[in-house]
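Enquirer: Next come the chains, spelled out residue by residue.
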Amino acid sequence: MTMPTTVEDRGFVVQLDEYTGPLDLLLTLIRDQEIDIRDIPIAQIAAQFMDAIDVLGLDEAADYLEMAARLLRIKLQMLLPRPFDAEAWDDPRAELVRRLLEYEQVREVVEWLDARAQARADRYGRGWIQDLPEQPPRPISLDLEHLVRAVEDVVAGMPQPIVHRVVPRPLDVEGATRRITELLATREHVELRELFGEAPTIADVFSVIVALLELARVGRLRLTQREPFGTVGITRESPDQAA
Amino acid sequence: MNRLTRLLEAALFSAPRPLGFEELRRLDPEASADEVRGALEALRTLYEEGEHGVALGEVADGFQFLTRPELADAIAEAQFVRRPRKLSVAAMETLAIVAYRQPVARGEIEEIRGVVADGVLRLLVDRALIDVVGRSDGLGRPLLYGTTQQFLEMLGLRSLRELPRLDELSVALTPLPTQRELDA
Amino acid sequence: MNRLTRLLEAALFSAPRPLGFEELRRLDPEASADEVRGALEALRTLYEEGEHGVALGEVADGFQFLTRPELADAIAEAQFVRRPRKLSVAAMETLAIVAYRQPVARGEIEEIRGVVADGVLRLLVDRALIDVVGRSDGLGRPLLYGTTQQFLEMLGLRSLRELPRLDELSVALTPLPTQRELDA
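Protein chains in written order, with our numbering: chain A, 1 to 243; chain B, 1 to 184; chain C, 1 to 184.
Note that these hints are calculated values from the structure, not bench results.
Check the hints yourself; a few may be wrong.
Sample of chain A residues facing chain C (criterion: CB under 7 Å; computed from the structure) [unchecked claim]:
hint : residue
1    : Thr-20
2    : Gly-21
3    : Asp-63
4    : Leu-65
5    : Gln-105
6    : Glu-108
7    : Trp-112
8    : Ala-115
9    : Arg-126
It should be emphasised that the depicted structure is a prediction, and the values quoted were computed from it without experimental measurement.
A virtual CB, placed ideally from N, CA and C, is assigned to each residue, including glycine.
Produce the entire structure from the sequences given, and follow the hints as far as they go.
Expert: Structure, rendered in structure tokens:
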């Protein structure tokens, strides 16, 4: 695939690796034959393009096929009878020419960037970084633009405007009692917050609390809190110890 | 400074490790050992006598430029040996919610973002961008978070009033009636 | 060399990247901006006039010591430094389009280059030469890309304004009528 491939009868040499896409190939064909980009002999170029992608084994690349189809369409349009008034004639090649010129511009910028990058690559920065005593954690960069963008992302990510559902829900003490009992069957100690799922509703919280108080009353568990507002611990009481 | 000295200086500056004498000789195969030794000495003297901020040191593995010890603290404090890090998307979003909705409890942040905010909140508190500013009167009296002075300083703001007004966001991010108010 | 100049030199020697003026000012909070500027200039002149192997340059909004280009080959041949690998032409084309059209969506890049840009964009983001800078308001809200600080550093540019202006390019694009005007 990387071997130079010569298309003998048309007298130009093409190398697959050299092309970054159909526009590149097209531009090379045009430049090599010193064709005026604003007056492309479309039939000739289209034929050469087909040959090239055939020889290069590029005919599976969709991008190249699309360009091939475009060239054939322009070729056909060029064959249509033109109006006598030349001013009124829309050159079917115009869009292709615009794209080729635009692409040529990109390539010119690439050359400039390449030269700059090359010059910079000849200047080496500091290679070895000294360990300094007690490095603080990496500093954080923060700016308003990012903050505002984050706000927008938050809002965009919300499923719907947050409106609290005020649907009356009965307490589910039975369900809560079952969950607590199941948890305490496998573990001796749990924390209160483990009993709440993600984003518990007020009804969930009350259900758990009522269930806990009831279970504590009948001696199935013991509630502990080390300090005011501290976490509430729940410890299993074995039936024989129950008061 | 002659070419050999310049070459030694540039090599020692750009190499990712200390360079030994024999290695340095590779830089100019035509220079004699004495010439390289002379150039190294010239370089060392130049940095020494010019009272530079760095000095050419000799360690076990070879030669290297070292920061003068009395300057190391100031450089470490300025924190720029490593690139500043951007906050993760999760941290940025959480920070945004705290900034615009403070004082705000964890539950509220989690409700807005739809994910658990535990770790992210801890990170932001560690980095002193937010802090606990009180407790809610609501159920369980959850901690309330707000932004810090450091947060303002990093954004170059004098006060929270200088945060950009986000009119279109006001509906989504202005404090809603709390659950308690609704249930009451 | 005074203490401030020494401090700047040591800091610039110990950082693997350009340091911005504001960052450098953190080294000595008591020094005025003019003093820091003066010390930077003194440092630059000293290395210039002493014909050193490294020089103080200004890149990507910051200051950085870099080795002199004429010494690059000798240092690379001695295998102390590996030259960065060149980017492919496809990557360079994409970079050129992002640089001039930023913020730009993938679709626009593909249209100009005439090929799918997926892999190349990922590579450039991985190399930190471009980054996602936002989302378009258009259909599907595609990601928008822009160049980074690293991009400027790779080219040794101080800012995007140093890129050649489009009207300085030999290929003129603007005078051509667009397809829409042709169709009208």
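Enquirer: Honestly, which of those hints from before does the structure not fit?
Expert: 4 and 8
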